[in-house]
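*Asks:* Residue numbers (our numbering), protein chains in the order written: chain C, 917 to 1015; chain Z, 917 to 1015.
Rather than coming from a laboratory, the hints here were simulated on the basis of the structure. Careful: at least some of the hints might be erroneous.
Stated by the list, open to error - Among chain Z residues calculated to face chain C with C-beta under 10 Å, some are:
(1) L939
(2) T964
(3) Y969
(4) Q976
Unchecked claim - With a straight-line Cα cutoff of 20 Å, these simulated SDA-like cross-link-like pairs (lysine to any residue) come out:
(5) C:K947 - Z:S1013
(6) C:K989 - Z:S1011
(7) Z:K1006 - C:V922
Because the structure is a prediction, the values reported are computed rather than measured. Ideal placement from N, C-alpha and C gives every residue a C-beta, glycine not left out.
Number of protein chains: 2
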Amino acid sequence: MFTVIVYLHVKREYLDIFIQATLDNAQNSQKEPGVIAFDMLQQQDDPTRLVLYETYRTAQAQLDHRETPHYLKWREAIADMFEEPRYAIKYNVLSPSEI
Amino acid sequence: MFTVIVYLHVKREYLDIFIQATLDNAQNSQKEPGVIAFDMLQQQDDPTRLVLYETYRTAQAQLDHRETPHYLKWREAIADMFEEPRYAIKYNVLSPSEI
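Input sequences plus hints: build the corresponding full structure.
*Replies:* Dropping the structure here:
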């Protein structure tokens, strides 16, 4: 089990359409068997900054996620909407030990 | 419902004791009725950087958390262990709509 926090900074003019596309990706990702969490957050003091909080059971589960139709559709749809490149940081989960 | 991501950068010499103290806080916080998630993460490429991912049902739940014995004990125990001041960013949860 590990978690990836993905930081997304979106151009304001694309924010509504970005949120719709990302909601679709998040809701479908939550149904993947290897996904424990796929939370989508919006920063309270800057709505153009969003976070995906992705917890996977295994490394393979993350690879599988990247081949799903909903991920591939999302990646293409939002490619030109970023204020700056998105980036991700990977974490080991120390607690809870089982989710 | 909202999420607070807390970023903790710990002096290496305190890391083991910091992790033990923070595990105790996290495990007790997970039992609070107003807490939906209280995940404790350790950055894979820099173990001195940790994250608390705290999702609360209400603003009152966060205030209640800050008055618990386990939080107050933690806050005092770890006060001098930081490489730099900890900070937190608050987010609205766009998905899932219910956890």
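*Asks:* For each hint, tell me whether it holds in the structure or not.
*Replies:* Cross-check of the supplied hints:
The beta carbon of L939 of chain Z is positioned within 10 Å of a beta carbon in chain C (closest approach about 6 Å), and the interface hint is therefore held. Interface restraint check for T964 of chain Z: the shortest CB-CB distance to chain C comes to about 13 Å, outside 10 Å, so the restraint is violated. The restraint placing Y969 of chain Z at the interface with chain C holds, with a minimum CB-CB distance near 7 Å, inside the 10 Å limit. Taken as an interface hint, Q976 of chain Z does not check out: its beta carbon lies about 17 Å from the nearest beta carbon of chain C, beyond 10 Å.
The straight-line distance between the Cα atoms of K947 of chain C and S1013 of chain Z is roughly 14 Å, inside the 20 Å bound, and the hint therefore holds. Taken as a hint, the K989 of chain C and S1011 of chain Z pair is honoured in the structure, with Cα atoms around 18 Å apart against an allowance of 20 Å. Of the pairs offered as hints, the one joining K1006 of chain Z and V922 of chain C holds, with about 15 Å between alpha carbons and a cut-off of 20 Å not exceeded.
Checked against the numbered hints listed earlier, the structure breaks hints 2 and 4; every other hint is satisfied.
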